[in-house]
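Respectively, the protein sequence lines represent chains A and B.
Just so you know, the numbering used here puts 83 at position 83 of the first sequence, and the rest follows in order with no gaps.
Just so you know, the numbering used here puts 15 at position 15 of the second sequence, and the rest follows in order with no gaps.
Take these hints with a grain of salt, some might be off.
Since the list gives no way to pick out one identical chain from another, each pair is judged satisfied if it fits inside one copy or across any two copies.
Unchecked claim - Straight-line C-alpha distance at most 25 Å; calculated DSS-like pairs for lysine-lysine:
| # | residue 1 | residue 2 |
| --- | --- | --- |
| 1 | K336 | K359 |
| 2 | K64 | K141 |
| 3 | K291 | K141 |
| 4 | K264 | K291 |
| 5 | K336 | K35 |
| 6 | K49 | K141 |
| 7 | K264 | K336 |
| 8 | K359 | K291 |
| 9 | K105 | K359 |
| 10 | K105 | K49 |
| 11 | K264 | K49 |
| 12 | K105 | K35 |
| 13 | K35 | K291 |
Hints are computed from structural coordinates only; laboratory data are not their basis.
There are 2 protein chains.
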Amino acid sequence: MNLPEAELISTGSELLSGGALNRHTACLGAALREKGVLLVRETTVPDRKEAIIDALRGALRRVKIVFVGGGLGPTHDDITKEAVAEYLGRRLVIQEQELEDIRRKMAVSGRVAEDMCRRQAETIEGGRLLPNPVGVAPGIKIDTEDASIFLMPGPPDEFEAILRTQVLTFLGGTRNILREHIFMVGGMREVEIAAHISGAVQAGVEVYYRPAPGRVELVLESSSLSEEEFGESVAAVRRCLGRAIYAETRVGLESVVGNLLRRKGRTLATAESCTAGMLSARITSVSGSSKYFVGGVTAYTDRLKVAELMVSQRHLERHGAVSATVARQMASGVRKRFHADYGVSITGIAGPEGGSVRKPVGLVFIAVAGPSGIQVERNMFGGGRERVREWSVVTALNMLRLLLEEDEEAGAR
Amino acid sequence: MNLPEAELISTGSELLSGGALNRHTACLGAALREKGVLLVRETTVPDRKEAIIDALRGALRRVKIVFVGGGLGPTHDDITKEAVAEYLGRRLVIQEQELEDIRRKMAVSGRVAEDMCRRQAETIEGGRLLPNPVGVAPGIKIDTEDASIFLMPGPPDEFEAILRTQVLTFLGGTRNILREHIFMVGGMREVEIAAHISGAVQAGVEVYYRPAPGRVELVLESSSLSEEEFGESVAAVRRCLGRAIYAETRVGLESVVGNLLRRKGRTLATAESCTAGMLSARITSVSGSSKYFVGGVTAYTDRLKVAELMVSQRHLERHGAVSATVARQMASGVRKRFHADYGVSITGIAGPEGGSVRKPVGLVFIAVAGPSGIQVERNMFGGGRERVREWSVVTALNMLRLLLEEDEEAGAR
């Protein structure tokens with residue numbers, strides 16, 4: 001492969017001491033790929049000048065495009081500009097216009113604020129400012145004799161905004177010769193998928209698995225096969241996995257479910273116990289979800305399950321809140337009460353407390369109710385509290401997706 | 001500083017192509033710090049043998065403790081063990097007992113599954129297996145003449161489980177000579193905090209800011225000052241920030257709010273519109289939250305705000321759903337309806353659609369209702385849909401925290 005290669009250096013002691021997650025790598029990697037540029041290494045170093053310079057020296061030895069994320073802010077631990085200037089033997093300069101812009105954006109006065117504005121306005125001599133559409137500190141592009149260095153602010157949304165609005169235009173024009181196909185697979189584990197597709201993929205195709213709770217992203221990749229040959233493997237995998245495939249682009253189940261509902265003009269309501277709003281939050285992370293999502297109830301107590309979701313007190317006592325019967329009643333209860341076409345419910349034991357021998361931690365019942373009836377599934381999820389909740393949400397979305405697809409097909413017949 | 005230093009190598013093409021976030025670095029950094037070990041660099045490389053070997057060579061040149069995360073799974077792109085074995089000139093071997101364990105855990109049969117089991121059971125000659133309490137692949141500890149290498153599985157919960165149950169015991173005994181104090185600050189921006197504490201911190205104390213939506217983690221650190229001198233700076237900062245400080249350990253507002261409610265035996269309910277369950281999901285991420293959280297309503301439509309939250313139709317028409325009046329009615333409505341001591345509501349425009357000149361995207365009203373009355377705040381949050389929602393949730397938790405503290409103080413008088 002001879003695609004251009006890039007590296008990222010992330011600066012920030014907080015990234016190495018547990019204070020924050022690195023979100024730049026995934027964002028940059030995905031964006032560069034669209035332009036046919038491969039991100040081949042990422043290095044995280046503390047906010048120390050020598051560490052930044054050492055990482056920069058290493059990166060420039062290997063590649064011609066280097067990104068440095070973080071350390072452009074106003075506080076004294078923001079030292080990326082000093083480090084890069086020292087390494088390149090250039091000065092730091094202040095552009096008056098930029099200083100004015102930053103004063104206006106910071107909208108705070110006083111001596112300390114003025115010092116901070118000046119620090120943020122500093123740029124590296126010969127560098128080109130990359131305006132920041134969502135925050136204060138601009139990015140900086142510096143060209144050396146044989147490489148380009150992009151300095152990017154640390155807050156993930158600012159990093160991404162400058163990347164999308166500025167940086168990618170400099171990288172435009174390159175063509176992607178890497179063939180790639182993505183399958184999003186719901187309700188199957190990595191090893192089940194592998195067993196199903198074994199034999200379907202011909203030599204020259206690489207297969208990658210990216211598992212997350214409740215779903216696996218399956219990637220086929222080739223740099224040697226023709227489009228036709230590659231297409232044969234794609235079609236074979238598609239046949240092997242069938243309905244388990246919920247999309248062939250990198251989207252979440254919440255978007256797929258949203259599209260199915262919108263297309264049919266149907267509405268949805270949720271009834272949650274152990275996930276307590278995670279399902280409704282996920283559904284509404286899609287812009288425009290108010291077109292089909294009407295609302296939801298989190299009924300954490302038994303009393304609320306009866307009062308708000310029309311669960312029968314008698315069944316609750318006989319079967320317990322974590323049962324197929326109660327899951328079914330919650331889904332159909334919220335559907336009726338909120339006048340929605342579909343209702344989804346989750347009731348389970350997320351742990352670490354509350355489990356018993358008959359109903360252990362990780363036991364979760366999920367029900368989907370629609371015009372064609374109600375389905376309920378019993379699940380056992382492993383891992384800690386948050387993992388059990390995350391699996392529950394994604395599994396519920398996948399059940400709903402399958403029901404919506406069935407109803408759509410039945411309607412078309 | 002002469003604390004022992006460690007590096008992490010993360011393997012995984014998906015980390016560099018946007019398929020997954022690196023969660024190991026934060027987890028490892030925080031855990032090592034507790035043991036007085038500093039994580040000084042993290043390097044992410046693709047699933048390629050040469051790349052892993054190159055990163056390992058570099059790390060072992062700088063430090064004596066190296067972690068390698070990822071690539072221990074059953075699929076052919078998991079090649080960490082091969083790479084490390086080749087670099088060290090050791091063989092891969094299979095222990096029968098381990099193979100049996102893995103067959104049992106995988107619980108799938110067939111030829112493909114058997115190959116996968118064997119791959120997972122392979123270990124490096126002379127390596128010590130670190131049992132995996134939550135997943136299939138064990139970790140491996142390898143000691144060379146002057147360094148220790150820990151191979152850890154990629155799934156973040158498995159990485160963390162092996163780290164907590166196995167690895168940290170090997171690192172026990174070292175003492176932390178770095179002084180550190182953490183302030184969790186709610187409702188103030190980084191630059192406001194900096195202006196407030198300027199002058200309070202003496203020379204020899206480093207100050208780090210770790211901003212996240214709605215809160216800033218402020219860290220004071222010193223390796224040169226005495227305990228008493230360091231304590232003076234800590235006390236001075238505490239005085240400057242006052243009630244904005246919500247904790248002095250790294251905890252979320254949801255835990256602080258939970259403790260306040262639990263201590264007083266009070267209960268809480270939520271009413272959400274634009275955040276649609278994110279607030280209740282966050283509150284219940286705390287184990288044991290069923291002691292004080294009763295439930296919540298997500299009312300995405302106006303109809304449900306009236307029907308479920310006792311919002312007045314007349315006020316809704318006059319002021320709109322995104323207004324102080326409706327926020328107030330939602331908070332007091334859910335409090336009454338769910339028989340809770342406290343009610344919290346969020347109603348706003350998360351965008352990108354739905355904004356207007358009078359009510360732009362990012363406008364969010366938050367209300368808290370309790371035995372002592374109702375408070376409401378108008379907020380303007382920037383950034384995209386998810387950022388507006390995240391700011392809303394954290395700001396609501398901080399408002400609730402302040403009200404609970406006030407009520408507690410009033411009760412104590």
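Index of numbered hints that the structure contradicts, given in increasing order: Numbers 1, 3, 5, 10, 11, 12 and 13, in rising order.
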